[in-house]
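The residues making up each chain are set out below.
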Amino acid sequence: MGSVHTLPDFLETLKRIQYMKLNTHTNTKIQNLILFSPGFIIYVGLIVFSIILCFYYSFFDWDGIRKTMDFVGFTNYIRAFTNNEFRSSIVTTFYFAIFGTVVVNIAGIVLAVFLNQKSPLTYFYRAAFFFPQLISLVAIGFIFKGLLSYIGIVNTMLVNAGFAKIDFIGTPDNAPLTVLLISIWQTTGFATVLYLAGLQAIPNDLYDAAKVDGANAWVKFRYITFPWLAPSFTAVTVFLFTGYMKIFDIIFVMTGGGPAEKTQSVAVYIMKIGFNQFRISYASAVAIYMTILVMAIALILTGVLRKREELLIS
Amino acid sequence: MSKKILLLVLCFIMILPMVFSQGAEDGADDAITLKWQVWITPNLSLEFYKEISSAFEAENPGVTVEIVEASATTSSSSADFIRNRLASGDVPDLWMNFQDVPAFADAGHLWAIPADDPDLQVVNNLLAQEYNGKLYSFASNAQPQGLMYYNKKLWAQSGLTEADIPYTWDDLKAVSAKIKAAGFTPIVTGGEWVPLILWDYFLGSELSKEYPNWWTLINSGEKKWNDPQVLEMVQYLDDLVKSGYFLEGALSIGYAQLEQAFLNEQGVMYPMGSWFTAAEAGAENDWDCGVFSMPTKDGKVNLTKSGGYGNGYVVYAESEHPELAFELMKKANLDPVYGAKSLQVDGLFSNITPPLTYPMSPLQEELLALVGSAEYSRPVLSHPLGEAPPMGVADYFQSNAEAILTQSYSSLEDLLQKIDDFVAEVK
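Chains as they are written, first to last, in my numbering: chain A, 9 to 322; chain B, 343 to 769.
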């Protein structure tokens, strides 16, 4: 770079340093843009564009196969608002969302605390509990549909053990609970991983201090572990709730929304009206309704839980 | 340096799909690829279709038939599969098991086949299959549907003879009671799309007999589903369920499992379409299977069947080779060898003169005699009766049948009202 004994030399050196910084800065920006682009393009192309298109279709009367569309304004929205089947599917969806979120949260925290202990089998247990998360819900649906069929292996084992058969997915009372439990089993691993990460972030000094004060396991959990898991709790709860509001795959494969529409979530209802009844526009209106509803709930949940985080951690 | 390499790799990965998604261009100028959407079921295997496509390719050098698979697991027709393909732009040239001719013809997606084609003149009542004056398919086969198969061995063990074959609703209730008293399950049925059959067959046999133009009456408002006469038919099905005559846990059993359940003697009677005869012919049983048509209120035989505007084969209007697709359609249905095999693998009967024949099992011969002697023969309720039903109405037939099977409804009138509400909504 040369010496800087004189002022011109110094200024020259300064310019060169600034140029290098700018060059590096520009290079970094370009690199970031290239790294960011694939995901962004896919997101905009598949998600954002689809939502815009869906919103557009909702104002027309279109069956998805005609080459022309008739503008009908808000007719589809009014129709959805007054449709009993849509309302009933919302109730079913909330059933999955509320119970699924609560149970997975509880199971996730319990498992995370258990898996946070140091033992020779810790890593094995972590892998085992996370494994269901790696399997697609469609595959899980097919597997459990075969296992839990009235003439399937589970019922055969029950009979051999002297118990009565259980119709897990063929009755309106059992089918929703069965689907819920299977989805909980599949999703708990995800919650566990997030809570485990949250547990790692809790300072050990707090536990040491609590130990010195004679706190038992429950007191430590209540006053240290649980409050400090607040950020993880927020993330898991919002993610789970919004995910369950879109539940589709496992229901479609296992029950098709039956029996007698008792497991028909909004997503399954949208598929039925859009693809079986060829009412793409009406299905789009229902989908927009759900998008707005889920966004609103996600915002409220996030707001409330963030305030809770601040209270607990402060 | 490693960052630059990573960037280069990422750029390459981004460009790669754009290059290879262009679609394959024809290698030579005269090389043609014909896409054939097929319907995969336990009877209709991929190997079966490949046999036909290979024969077609041998007769048409330079033509490759690409088979596109659609499955019967979750749907009873290929319409929603095809609709998705229309949206994606990758549409097969020839479609099969396609039921929604009116909607797709109105939308301009179907190619009108030439009604004066010499090969088609063998089809019985060819022009009766026209829609709005155009022919889109031809009914080269007949598919009886409203059938009840029965295990003759268990039938006899229940103290029943051939003279006890039921013709009326009361007859069916009486034989079911006897079968149940003997310790057997009277009627096997299942889940997935199978409950649709209960509505189509148990109600349809009576309803379509009384009103062969039922959908014309519904569409005009002259008739409603929530009608005392229809209610009586639903009540009949409900009575059978309440009496415990159906297989326990039916809705958790898939179609393939259900077929095996009947072949494994888990029930005496099995309501299903003629395609079951093909599976029965291939099964190794130590018992004989018989068949009768679904009972009606007054006992007059109405053999419900597939109905509509042809046999489910149609050609895509924007196919680059519609005439070639039409030739493949004829190959699969009218060829003495492959047309006959198409009938045999799916338990269908020939509707051309002279008819295509295949070695029939005793059950198929029994069914053929039944077809010939039936007083009436009407389409099932989810197919056109006069006019075409609204698309998606089969979902309500299915959910209503599920509600009756599980006894989870507020009233039977409510179940019928749901169909009326749906019809009014889509009008």
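Please note: incorrect hints may appear among the correct ones.
Partial list, derived from the structure: chain B residues whose beta carbon lies under 7 Å from chain A [to be verified]:
1. Glu393
2. Arg425
3. Ala449
4. Leu593
5. Glu707
6. Glu708
7. Leu710
8. Ser741
9. Thr748
Okay, the calculated beta carbon distance ranges per label pair [stated by the list, open to error]:
10. B:Lys584 with A:Ile106: 49 to 57 Å
11. A:Leu307 with B:Ser753: 40 to 48 Å
12. B:Ala429 with A:Ile300: 46 to 54 Å
13. B:Ala766 with A:Phe229: 56 to 64 Å
14. B:Glu401 with A:Lys75: 57 to 65 Å
15. A:Ile305 with B:Asn606: 36 to 44 Å
16. A:Leu307 with B:Gln759: 51 to 59 Å
17. B:Gln759 with A:Ile300: 54 to 62 Å
18. B:Thr510 with A:Asp78: 44 to 52 Å
19. B:Glu401 with A:Ala136: 54 to 62 Å
20. B:Glu660 with A:Leu189: 29 to 37 Å
21. A:Ile106 with B:Ala429: 48 to 56 Å
Covered stretches of chain B (in silico footprint by chain A; criterion: 3 or more residues with CB under 8 Å from a CB of chain A, positions within the stretch not fixed) [to be verified]:
22. 569-583
23. 729-740
Since the hints were derived computationally from the structure, they do not count as laboratory data.
Glycine is no exception: its CB is placed at the ideal position from the N, C-alpha and C atoms.
Okay, the hints, checked on the actual structure:
1. Glu393: violated (29 Å)
2. Arg425: holds (6 Å)
3. Ala449: holds (4 Å)
4. Leu593: At about 4 Å, which falls below the 7 Å cut-off, the nearest Cβ of chain A leaves the hint on B:Leu593 intact, so it holds.
5. Glu707: Violated - the Cβ of B:Glu707 stays beyond 7 Å from chain A, reaching only about 31 Å at its closest.
6. Glu708: Because about 28 Å separates B:Glu708 from the closest Cβ in chain A, which is outside the 7 Å limit, the hint is violated.
7. Leu710: violated (32 Å)
8. Ser741: This hint holds: B:Ser741 lies near chain A, its Cβ roughly 5 Å from the closest one there, short of 7 Å.
9. Thr748: holds (5 Å)
10. B:Lys584 with A:Ile106: 49 to 57 Å: Hint violated: Cβ distance 35 Å, outside 49 to 57 Å.
11. A:Leu307 with B:Ser753: 40 to 48 Å: For A:Leu307 and B:Ser753 the Cβ distance comes to about 41 Å; the hint holds.
12. B:Ala429 with A:Ile300: 46 to 54 Å: violated (24 Å)
13. B:Ala766 with A:Phe229: 56 to 64 Å: holds (57 Å)
14. B:Glu401 with A:Lys75: 57 to 65 Å: Taking Cβ atoms as reference, B:Glu401 and A:Lys75 lie about 35 Å apart, which means the hint is violated.
15. A:Ile305 with B:Asn606: 36 to 44 Å: violated (49 Å)
16. A:Leu307 with B:Gln759: 51 to 59 Å: 39 Å Cβ-Cβ, so the 51 to 59 Å window is violated.
17. B:Gln759 with A:Ile300: 54 to 62 Å: violated (30 Å)
18. B:Thr510 with A:Asp78: 44 to 52 Å: holds (49 Å)
19. B:Glu401 with A:Ala136: 54 to 62 Å: holds (57 Å)
20. B:Glu660 with A:Leu189: 29 to 37 Å: violated (47 Å)
21. A:Ile106 with B:Ala429: 48 to 56 Å: violated (34 Å)
22. 569-583: violated (count 0)
23. 729-740: holds (count 6)
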